[in-house]
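S.K.: Listed below, chain by chain, are the residues.
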Amino acid sequence: MTDRSNAAVLVLPQAGTVGARKILPMLLWVAALAIPTFAPGYTPLASQIVVMILFALSLDLLVGFTGIVTLGHAALFGAGAYTAGIMALRLTNDPLITALSGMAVAALVGLVTGSCMLRTKGLAFLVLSLAAAFMLHELANMATSVTGGDDGLQGVSFAPLLGVFEFDFRGQTAFYYSLACLFAAFLLVRRVVNSPFGWSLRGIRENDGRMRAIGCPIYRRRLAAYVISSALAGLAGALQAQITQFVALRSLSLELSGDVLIMLILGGAGRLYGAFVGVPLFMFAQDLLAKEDPANWYLGQGVILLVMTLFVPGGVLGLVERVRRSLGRGGRR
Amino acid sequence: MTAVVTILFFGVAYGMILYLISVGLSVTMGLMGFVNLAHGVFAMLGGYAAVTLMNQLGLSLFAALPLACAMVTVVGFVLERTLYSRLYGRSELDQVLFSMGLILISMALVRVVWGPLAQPVQLPDYLKGQSVVGGIELPTYRFVLVAFGTAVIVALWVIFERTLFGARIRAAVDNRGMAQAIGIDTGRLFAVTFGLGTGLAALGGALGADVLAIAPNYPLHYIVYFMVVVAVGGLGSIRGPFIAALSIGLADTACKYLLPEMGSVFIFAFVFALLLWRPNGITGKR
Amino acid sequence: MSGSAPILETRGLTRFFGPVRVTGDVDFTLHPGERRAIIGPNGAGKTTFVNLLSGRLAPSSGQVFLGGENVTAMSEARRIKLGLGRTFQITSLFPNLSVRKNVFLAVAEHEGVAWNLFRSAASHRRQFDRVDELLDRVGLSDVAEVPAQDLPYGRQRLLEIAVTLALRPRVLLLDEPAAGIPTSESHIILSILDTLPKDIAVLLIDHDMDLVFRFAQRITVLVQGSVMVEGTPAEIAANERVRKIYLGESDHAAA
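Chains as they are written, first to last, in the working numbering: chain A, 5 to 337; chain B, 106 to 391; chain C, 3 to 257.
These aren't lab readings, by the way, just hints derived from the structure by calculation.
Where hints are given, some of them may not hold.
Once the Cα atoms are required to be at most 35 angstroms apart in a straight line, the calculated DSBU-like pairs of lysine-lysine come out as [claimed, not checked]:
| hint | chain 1 | residue 1 | chain 2 | residue 2 |
| --- | --- | --- | --- | --- |
| 1 | C | K200 | A | K125 |
| 2 | A | K125 | B | K361 |
| 3 | B | K361 | B | K233 |
| 4 | C | K83 | C | K200 |
Use the sequences and the hints to build the structure in full.
M.R.: Written out as structure tokens, the structure reads:
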């Protein structure tokens, strides 16, 4: 698959912009830390955004870096969310243990479904990803005694983090906790995509036939990416359960799989920071448009998708890149 | 016995609707290699058009169906020329995103025009109620549905197998480059085929309005079924999806009747296994 | 040829596509360090033969031996690990990745570092030294950071060879390396082939007769999927049947 939308990121940045590229993200991380202090009213929303960024980042590893287009990524988010929620009600409500379990279960679900699905590609893979998520959704819907069915898992509460920090009603603990998780996940993903393994994923995205011909075990490589992505999606799901004290059936739905894909594309897939740009934009647009009539929001998302695919491949970050490049070219002449 | 007949009857009716809606998708995907998730939109539009023509304008069912079909064919043709054709040859991701966008836009527009609730079909009196066949009560309208559906399917197969137009489509599915080389205008062929495929979907949507409820979430709600029929049936085929649609219609009906608790999980587990065994569907190459 | 054991050998290699026999009962041997070419008219089944050797296609019957080992049932990937490298008739690269990254991917796979998840690729100095050495050999050092798709076509073919050489093949299958390159420039390919280590066996498939006759020590003529004749360039050039079938065909094609 050739994908010109991802072309830009693979070219080395021009000298002189490297500084800005490093400093700006650092500033953003620091600014995020200050949200509970300076905008306490927005802390719960900010936590939501952080969790979704983590979810979208996990998807970026598949869609952006490996070229695996899935319509069922919510299955892994939901697996993590339900694991954390069910464990809290029945076994232990320690946040770290349940979060790690959520990751582990999601990774396992990813390993099992992925080891089947990744044997196919194209339409078959798309339909399998749909069908796998659909099955999990139906199972959760039916097993009411365990999952609460359509009503979701309610009244899930968690013990203080590390035995010290209570999940307070203003959501400060929840925010710092999820931000810390996101930061750790980001460092991990950045490591991975810059490793020889990560490069080989790009190779598979660009030309899987050629990768096979240089001796790359494509199936296992893609499966490894799928499992890593699943674990991170599961972590996002577990965090969602912990900070909202609720697990909705929606966390396994096609709608969520679609939403997270749109968020990622809006920011720009295969760029590492695409999720960080796309998710807030998506959530603000949703807040703005869905208030009066859900139809407005559907229309908004639809228009975003059409504009993105027809005119702005590469998302907002791709657009920024292109504008800056044409400015740079103009400036040099 | 009654249960078997009922399941068979409802299952076949359901399968026919699925087939009418999905066959166009199978052919256009085989022809253009375009991953069009938005095919259900055209079925929904057909449903809305027919319901409106009947309920608001008082047209009879048999006038409303072809009219709805024709209207959506035009919409499909125009969309193919203006939008879809721009994305041929683009990545699978772009095509998925684009068609997701079309789904969302259509859902919004339909909601604005017809409201969020499902549209009831008001059938004429002689089609309401039940007919008794061999001591078993079955809804009269479904008989009409099955008869009408059979007629359309037969016509479709004759067109596909016996006419020059059908031969052109088959040639282009097999080998697009060759088809172009022997002078087939593939651009026009794509547009016409796409239009007809959407028209068939509209017919299926309209005819099956009491099977698959006409509501704004239609294209999203049933997308799994349409995609499964095409994936299992095999791309570019018109027989494969027929077998797939009937099987899924029957299996789904049987599951809901015999195991209402388990819903559709069995079917999807089966589809999952089948696609692993034959990723290109039952008619596709292994 | 020399008395050494063949590095690559086929016995009764046959492949059908439906009822059509595209490769028929081919017995073929290639010795270490040999420079061999396969020629044949269009549709003679040359690319199919290469695909059977490389493992992209499975034969209908017959066997393939690599270094004396029966590899008939082995995947493409396994054969590559055993030293069978190939280039493609149609350029097959990673278009958006830089020239250096293209070669690095192959080096990383070959040297077993491609599963490294947590060490940055850039810090793999030893592998990059090898990348730079390969780029130097094919004369692409000046464009190391350019995306592969921005190279002119001829240089993409050179990159293709560099990627394949990165796998340290014992046998190199070159499927029309000069395809799409003006005849006037095919000498570049030839000069690179000349710099290859002497112990690599090279099997070349090309239409460019000039290239083939200057490069090969022996030539195998494939017609309708079967070996018609095999011999030195001089023998092949003098062979009546080859002149009639093959060269006549190419005159026809050129006309």
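S.K.: Confirm or reject each hint.
M.R.: Against the structure, the hints:
no.	hint	in the structure
1	C/K200 to A/K125	41 angstroms, violated
2	A/K125 to B/K361	31 angstroms, holds
3	B/K361 to B/K233	24 angstroms, holds
4	C/K83 to C/K200	20 angstroms, holds
Hint compliance for this structure: hint 1 alone is broken.
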